[in-house]
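Q: Here is how the chains run, residue by residue.
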Amino acid sequence: MRFGVVIFPGSNCDQDCFWAVKDVLGEKTKYIWHDDTDIRGFDCIILPGGFSYGDYLRPGAIARFSRIMKSIVEFAKKGGLVIGICNGFQILLEVGLLPGAMLPNKNLHFICRDTYLKVENNQTPFTHLCDVGQVLKMPIAHHEGNFYITSDGLKRLRDNRQIVLRYSDISGLIDSSTNPNGAMDNIAGIVNEQGNAFGLMPHPERSSEKILGSSDGLLIFSSIREWLK
Amino acid sequence: MLKVEIYITLKKTVVDPQGLVIKHALESLGFLGVEEVRYGKIVNLRLSLKDEKKAEKEIEAMCKKLLANPIIEDYRFKIKKI
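These protein sequences, in sequence, are chains Z and Y.
Under the working numbering, the first residue of the first sequence carries the number 1, and numbering increases by one thereafter.
Under the working numbering, the first residue of the second sequence carries the number 1, and numbering increases by one thereafter.
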């Protein structure tokens with residue numbers, strides 16, 4: 001199988017993602033330039049974190065119009081696996097593959113720290129190696145991670161079981177004290193209705209090896225690998 | 001030529017974290033009686049178009065497609081002949 005890691009101008013987690021799937025997981029991986037259009041032969045596309053186009057206007061607002069995104073939307077519509085991490089999540093929201101939008105963090109700080117995430121749904125290609133209720137430790141690093149969606153939208157997310165990860169404490173408790181950025185319903189990661197596009201603010205690639213303080217993030221990438229086998 | 005000012009603000013139904021902090025800062029500086037602060041952006045354009053009606057359509061399209069995110073933001077604009 002082949003992973004593709006997209007590089008936008010301003011991406012800065014592309015090498016970490018590449019490392020996680022190529023060197024840690026041991027899968028074939030290639031970089032994809034934002035101006036390319038051909039993604040034939042890839043099984044999973046990773047949109048990495050960073051500050052694509054300087055986050056100008058709104059995070060992800062410019063990147064969604066890059067040439068590669070057209071191919072990625074088609075790929076996703078046909079059922080291809082797409083995972084957007086941090087800025088990648090913001091791009092997936094802007095391009096409309098995932099519902100909702102990001103607001104600045106409630107406390108207006110850029111927050112860079114470890115968070116605990118409760119797995120709400122393990123019936124996805126991205127989390128099926130996790131247990132429901134399992135708590136994962138992964139870092140966040142963002143200024144706009146305050147997930148917003150209309151109340152109807154939130155209801156749809158819940159009804160369709162699209163909420164995959166929620167900010168919790170180490171024991172899995174979820175309340176406002178375990179919400180780092182003000183995200184609605186403590187949402188840290190969601191999938192689209194079909195379940196093949198996943199966006200999350202935490203960084204699995206930065207928590208893919210013990211030396212990084214956690215290897216829980218590797219569960220996300222190995223779930224993808226096992227799913228595609 | 002036309003000069004355009006586009007104002008983009010968060011929708012009334014969306015909590016504005018920046019507005020809240022600014023309100024708090026104003027209050028702590030002694031500016032009491034500020035009921036609400038909504039923070040936004042201004043985009044200035046100069047258009048080579050002469051026809052204001054045509055410009056309006058074009059600006060609407062720009063806002064919908066790129067400049068504002070309709071899920072969280074509202075926009076309005078003013079057109080001036082120069």
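It should be emphasised that the hints constitute simulated quantities derived from the structure, not laboratory data.
Note that beta-carbon positions come from the ideal geometry of N, C-alpha and C, so glycine has one too.
Careful: at least some of the hints might be erroneous.
Derived lysine to any residue pairs resembling SDA-like cross-links, with alpha carbons at most 20 Å apart [as the list claims (entries may be wrong)]:
hint, chain 1, residue 1, chain 2, residue 2
1, Z, K106, Y, K3
2, Z, K106, Y, E56
3, Y, K3, Y, E36
To give a feel for the contact side, a few chain Z residues facing chain Y, derived at Cβ under 7 Å [what the hints assert, rightly or not]:
hint, residue
4, K106
5, L108
6, F110
Q: Using Cβ atoms only, decide whether Z:F110 comes closer than 7 Å to chain Y, and label the hint accordingly.
A: 13 Å, violated
Q: Using 7 Å as the Cβ threshold, decide whether Z:L108 counts as touching chain Y.
A: 6 Å, holds
Q: Check the hint pairing Y:K3 with Y:E36 against an upper bound of 20 Å on the C-alpha distance.
A: 29 Å, violated
Q: Would you mind confirming whether the straight-line C-alpha gap from Z:K106 to Y:K3 stays at or under 20 Å?
A: Distance of about 35 Å is beyond 20 Å: violated.
Q: Less than 7 Å between beta-carbons is the criterion; does Z:K106 satisfy it with respect to chain Y?
A: For Z:K106, the interface hint holds, since the closest Cβ of chain Y sits about 5 Å away, which is under 7 Å.
Q: Within 20 Å, alpha carbon to alpha carbon, are Z:K106 and Y:E56?
A: Not satisfied, since the Cα-Cα distance of roughly 35 Å exceeds 20 Å.
Checked against the numbered hints given earlier, this structure breaks hints 1, 2, 3, 6; the rest are met.
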